[in-house]
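Student: As they're listed, the protein sequences go chains A and B.
Take the first sequence: its position 113, counting from 1, is numbered 113 in our numbering, and each next residue is one higher.
Basically our numbering = 1-based index in the second sequence + 1000.
Calculated directly from the structure, the hints in this document are not laboratory data.
This one's a predicted model, so the numbers in the text were calculated from it and none came from an experiment.
All C-beta atoms, glycine included, are put in the ideal place defined by N, C-alpha and C.
Treat the hints with care, since some could be wrong.
The list that follows gives simulated cross-link-like pairs (lysine to any residue, SDA-like), each with its CA atoms no further than 25 Å apart [to be verified]:
#, chain 1, residue 1, chain 2, residue 2
1, B, K1026, A, L77
2, B, K1026, A, A165
3, A, K26, B, R1092
4, A, K26, B, A1164
5, B, K1026, A, D87
6, A, K26, B, V1161
7, A, K26, B, L1163
8, A, K26, B, P1261
9, B, K1026, A, K26
10, A, K26, A, D80
11, A, K26, B, E1103
12, B, K1026, A, R278
13, B, K1026, B, A1128
14, B, K1026, B, A1016
15, A, K26, B, A1016
16, A, K26, B, F1085
Partial chain A-side listing against chain B, Cβ under 8 Å, derived [unchecked claim]:
#, residue
17, G38
18, G39
19, I42
20, I105
21, P129
There are 2 protein chains.
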Amino acid sequence: MNAHDRIEQALQAALALGEGTAGPPKLAAALRHAVFPGGARIRPQLCLAVAQACGDSDPGLTNGAAVAIELLHCASLVHDDLPCFDDAITRRGVPTVHAAFGERIAVLTGDALIVLAFQYLAHSARHAPHDLPGLLSIVAQRVGAPTGIVAGQAWECEPFVGLAAYHRAKTGSLFSACTEAGALAAGANPERWQAFGLFLGEAYQVADDIRDVALAAELLGKPAGRDIALCRPSCATEMGMHGAIAHFDGLLARAVGAIPPCRGASALRALVRAESERLVPEATVRQFALAA
Amino acid sequence: MNAHDRIEQALQAALALGEGTAGPPKLAAALRHAVFPGGARIRPQLCLAVAQACGDSDPGLTNGAAVAIELLHCASLVHDDLPCFDDAITRRGVPTVHAAFGERIAVLTGDALIVLAFQYLAHSARHAPHDLPGLLSIVAQRVGAPTGIVAGQAWECEPFVGLAAYHRAKTGSLFSACTEAGALAAGANPERWQAFGLFLGEAYQVADDIRDVALAAELLGKPAGRDIALCRPSCATEMGMHGAIAHFDGLLARAVGAIPPCRGASALRALVRAESERLVPEATVRQFALAA
């Protein structure tokens, strides 16, 4: 089974844990709406890729970690889209959860997805409970306070925030959860895989800043994207587009350099380079960005 | 150490897991605001009481379960108080989290508390990982979809809801988490303790309905409390006050009857009867309620 099918199948199994005829129908529909269809599933793909590079000795446990992280990511998107944050009406071309089901169901959907993530992780570790405290601790630390993605979002409520700390919490932390948990689920030392995840996550956030400005330049004819409109810290505004692209390339190189020796290291390096071209494609975004 | 001090000390240890100098200050302050000072801490008290009735063979694990449940309860209060739900400005005489820190921090505080609950549970089970999948599964099922407290809140967004299913999800489920997890942490069979928790939780919710009406009668001179104002299903409106009080007494009797044989059964029965008088005191609430 390829990674895409493996992830979608495990996500279906996780959602089934949170479903039943005795539950409120709107919440059940909103949970599915928040998870399917997904985006690139980049985080569970990364978790699987690291586990496979380390041998993937317990695929069920790897699936549990990958799916828990994706469900937590989906929860963060549902809450980030709320009126009090981004007030987004659509995501990936369909209505956001609060636009489709109302604000109350959107708050509860995020809550239920967080609970389901840990529930499915525990469910996947039934046969290997000795790994569960470590896996759960990694995932929880990278999501909660003081330095996980929830903290990253909370930095937006502070009068001052350093760009590196903000990017690390908002994006880097969950990427490092992927690499650390993927390694641990395959019996490898998670600490050695943390730097790879952090560099990759920071690169991903910088790529997002670059695309935000490049897309605005393309669509609006002026360099003002959503981050700027929302006064969020943005690498592209702090460093300029030339600086941001150089920073992205540097982070990618450091990520590749941080991959620990393992049997699947060369395949993993190739995957990261392919992902780099997907994130900031030479032919379109860079040219738009530099022309803007 | 008495149960009160034991719970407060374990809650402090849990909060410390989610704190650090590297985090955003408002989120850190809001997390403490949501947890301290607490109310009656009835859920962790119940979890401890059941564990003690069963021998309390692993106090650290009992603390982990009790604190996880209390943090999840605190998270639900923070989100229930949000403008899109109850729009409550004060709770226990102090500003609610969103009134004190803003709506965005309140959403994130609830999220961070849910994560912290599972993180502390895993932390408390480091030395006993074989019990963690079971404990985590009990707690997650009683909180999430389709039948936990999140589902209970989501029933308020449906056009029709049966009162028993609503009460069971909204309150009974977390009470049964307390009795089941308390039993499991002490090495007893959790299934045998479920009915006790469910009856107790339903009784607690009915008591809340009774007090809501009785308090409104006392303060406003008319029988219209918050549940009625918010069009929420209420036992007191469906059954009348006489019916609601009889229902409460019946549920308490069934709860006491559902306590499984164990070495601390008689002490536990006495505790439940004392709690009954605290919830619906003969001298005040019943008289007000029946006069209303």
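Student: Each of the hints needs a verdict: does it hold here or not?
Tutor: Hint check:
no.: 1; hint: B:K1026 x A:L77; verdict: holds (21 Å)
no.: 2; hint: B:K1026 x A:A165; verdict: holds (16 Å)
no.: 3; hint: A:K26 x B:R1092; verdict: violated (32 Å)
no.: 4; hint: A:K26 x B:A1164; verdict: holds (19 Å)
no.: 5; hint: B:K1026 x A:D87; verdict: holds (22 Å)
no.: 6; hint: A:K26 x B:V1161; verdict: holds (12 Å)
no.: 7; hint: A:K26 x B:L1163; verdict: holds (18 Å)
no.: 8; hint: A:K26 x B:P1261; verdict: violated (41 Å)
no.: 9; hint: B:K1026 x A:K26; verdict: violated (33 Å)
no.: 10; hint: A:K26 x A:D80; verdict: holds (20 Å)
no.: 11; hint: A:K26 x B:E1103; verdict: holds (24 Å)
no.: 12; hint: B:K1026 x A:R278; verdict: violated (37 Å)
no.: 13; hint: B:K1026 x B:A1128; verdict: violated (35 Å)
no.: 14; hint: B:K1026 x B:A1016; verdict: holds (15 Å)
no.: 15; hint: A:K26 x B:A1016; verdict: violated (36 Å)
no.: 16; hint: A:K26 x B:F1085; verdict: holds (16 Å)
no.: 17; hint: G38; verdict: violated (19 Å)
no.: 18; hint: G39; verdict: violated (20 Å)
no.: 19; hint: I42; verdict: violated (21 Å)
no.: 20; hint: I105; verdict: holds (5 Å)
no.: 21; hint: P129; verdict: holds (4 Å)
Violated hints, listed in ascending order, are 3, 8, 9, 12, 13, 15, 17, 18, 19; each of the other numbered hints is respected by the structure.
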